[in-house]
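Asks: Modelling step: build the complete structure from the supplied sequences, incorporating the hints.
Number of protein chains: 2
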Amino acid sequence: MQEQCSRIATDRPGVCDTGAVPTQPTRAQARIRQIETIKSTSRRLLAVHGAAGLSLREVAREMGLVSSAIYRYFSTRDELLTALIVDAYNDLGAAAERAVSRCDDDPRVQLHATAVAIRRWAQRHPHEYALIFGSPVPGYEAPQFTIDAATRVTTVLSGIVTSAWRDRSPGASAGTGLGTMLEQANLEAAMPGVPAPTRARALMVWSGIFGLVSFELFGHFRGSVRNASSFFDLAVDELADLVLS
Amino acid sequence: MQEQCSRIATDRPGVCDTGAVPTQPTRAQARIRQIETIKSTSRRLLAVHGAAGLSLREVAREMGLVSSAIYRYFSTRDELLTALIVDAYNDLGAAAERAVSRCDDDPRVQLHATAVAIRRWAQRHPHEYALIFGSPVPGYEAPQFTIDAATRVTTVLSGIVTSAWRDRSPGASAGTGLGTMLEQANLEAAMPGVPAPTRARALMVWSGIFGLVSFELFGHFRGSVRNASSFFDLAVDELADLVLS
Numbered sequence: 001m002q003e004q005c006s007r008i009a010t011d012r013p014g015v016c017d018t019g020a021v022p023t024q025p026t027r028a029q030a031r032i033r034q035i036e037t038i039k040s041t042s043r044r045l046l047a048v049h050g051a052a053g054l055s056l057r058e059v060a061r062e063m064g065l066v067s068s069a070i071y072r073y074f075s076t077r078d079e080l081l082t083a084l085i086v087d088a089y090n091d092l093g094a095a096a097e098r099a100v101s102r103c104d105d106d107p108r109v110q111l112h113a114t115a116v117a118i119r120r121w122a123q124r125h126p127h128e129y130a131l132i133f134g135s136p137v138p139g140y141e142a143p144q145f146t147i148d149a150a151t152r153v154t155t156v157l158s159g160i161v162t163s164a165w166r167d168r169s170p171g172a173s174a175g176t177g178l179g180t181m182l183e184q185a186n187l188e189a190a191m192p193g194v195p196a197p198t199r200a201r202a203l204m205v206w207s208g209i210f211g212l213v214s215f216e217l218f219g220h221f222r223g224s225v226r227n228a229s230s231f232f233d234l235a236v237d238e239l240a241d242l243v244l245s
Numbered sequence: 001m002q003e004q005c006s007r008i009a010t011d012r013p014g015v016c017d018t019g020a021v022p023t024q025p026t027r028a029q030a031r032i033r034q035i036e037t038i039k040s041t042s043r044r045l046l047a048v049h050g051a052a053g054l055s056l057r058e059v060a061r062e063m064g065l066v067s068s069a070i071y072r073y074f075s076t077r078d079e080l081l082t083a084l085i086v087d088a089y090n091d092l093g094a095a096a097e098r099a100v101s102r103c104d105d106d107p108r109v110q111l112h113a114t115a116v117a118i119r120r121w122a123q124r125h126p127h128e129y130a131l132i133f134g135s136p137v138p139g140y141e142a143p144q145f146t147i148d149a150a151t152r153v154t155t156v157l158s159g160i161v162t163s164a165w166r167d168r169s170p171g172a173s174a175g176t177g178l179g180t181m182l183e184q185a186n187l188e189a190a191m192p193g194v195p196a197p198t199r200a201r202a203l204m205v206w207s208g209i210f211g212l213v214s215f216e217l218f219g220h221f222r223g224s225v226r227n228a229s230s231f232f233d234l235a236v237d238e239l240a241d242l243v244l245s
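Just so you know, the sequences run in chain order A and B. Number 164 in our numbering belongs to position 164 of the first sequence; there are no gaps in the numbering. Number 133 in our numbering belongs to position 133 of the second sequence; there are no gaps in the numbering.
Keep in mind the hints are simulated off the structure, nothing from the lab. Some hints could be false.
[As the list claims (entries may be wrong)] Have a look at the derived ranges for each label pair, beta carbon to beta carbon:
1. A:Gly223 / B:Thr37: 31 to 41 angstroms
2. A:Thr155 / B:Arg120: 26 to 36 angstroms
3. A:Ala94 / B:Arg168: 40 to 50 angstroms
4. B:Thr76 / A:Phe145: 38 to 48 angstroms
Don't be surprised by glycine CBs; every beta carbon is placed ideally from N, CA and C.
Replies: Dropping the structure here:
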């Protein structure tokens, strides 16, 4: 009770001003902090060995722990990788959401702001970007529950396209065999009211934006592009035409 | 002796009926063979540990050599990685060149065939694709001379766009600030006679094609695309419009 009270006092001043004694963090809080330290240590190690080289033993050594201590928090290397992947997708998703929330309602402005936010996030977190959009880690298979975090950034992009098409007549759905080519139920749920050919083009645009970011970050534009930021703006504008006009 | 002779006899019947004394492979030939074995062993290990996890020591162990023996062929891990990267780029470049050589002169057909060849090569060599287009290897910097091999596939793509524009009037170069944005001298050399805005779009198309291949190979189209091959055809056709029409 005492402990609860002092915690509440920190959060909400004035509620608990009865001279309560501040206490040590609870066991649960200590666990959360230790997990955060393990994850930040691991993120530093990603920069040194890449995702495939990550090992629980080395993370423990970096933290000055015995190996057995780290297994209380992550029982396998894959569990740790999954936690890092989910964090990275959530962080990227939040960056995209913030970018759109700061824009007015113009879908073109929103799409541009989202693409720029993706590029900036990648530049600030190159090793986490490589973790989620670079080479797969041999032997690692992301569990199903990572999808929610992974979908956040594409939900932002889908939302922009959907809002752009909200007040237009859907037009004739071209008979291009898209029905069997794509997972139409999922895409209809993600972009309700958007014509099927535009939904197909939206997938191109997602991979196009990440293709540009990866090419730049991984060095494939060296010798061709001098001002990467201006080139990105131009390219995103061309991509936007595919889904907004 | 008998064995050598019969081997030669098998390769070129009639050459070896004069009692000529066949020889052991020369020192240079033996060296080339050993290098090939080291590289093929390394390619197998890429699939297990990823590029960042490759070590000369482990390659030697896999081949049943003492560590010191491998240093006669590659003095560092980076030297071995460079050899694998150059091979991968050359192999991909050759696949693209073959694809175009089998087509008639229609640039759209050629661009499609090249894109399909890139996708197929990536599917057949996923770990080598990840080595050259996936996450950079921490601490590794590709030396300048890898550029020739790396440029082969883009030279094919540039050639297709150049031939498409050969007989057209260049049109007014739009004042979009492309001059300072791109390395115009390099792009003019790669795509002579192609208007500057189209050259800029060509860079988008390259990254777009590899963006599609990476998204598919690295699992990002799961849940959206059912028939990846048909979707790729459709998407490449949209990309082709950006540089050919």
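Asks: Quick check on a hinted range of 38 to 48 angstroms for Thr76 of chain B and Phe145 of chain A, using CB atoms only.
Replies: For Phe145 of chain A against Thr76 of chain B, whose Cβ atoms are near 41 angstroms apart, the range 38 to 48 angstroms holds.
Asks: State, for the Cβ atoms of Ala94 of chain A and Arg168 of chain B, whether the hinted interval 40 to 50 angstroms holds or is violated.
Replies: Holds - the Cβ-Cβ distance for Ala94 of chain A and Arg168 of chain B, about 47 angstroms, lies within 40 to 50 angstroms.
Asks: Could you check the hint for me, namely that Thr155 of chain A and Arg120 of chain B are 26 to 36 angstroms apart, CB to CB?
Replies: holds (32 angstroms)
Asks: Starting from the hint 31 to 41 angstroms, judge whether the C-beta atoms of Gly223 of chain A and Thr37 of chain B obey it.
Replies: holds (34 angstroms)
Taken one by one, the earlier hints all hold for this structure without exception.
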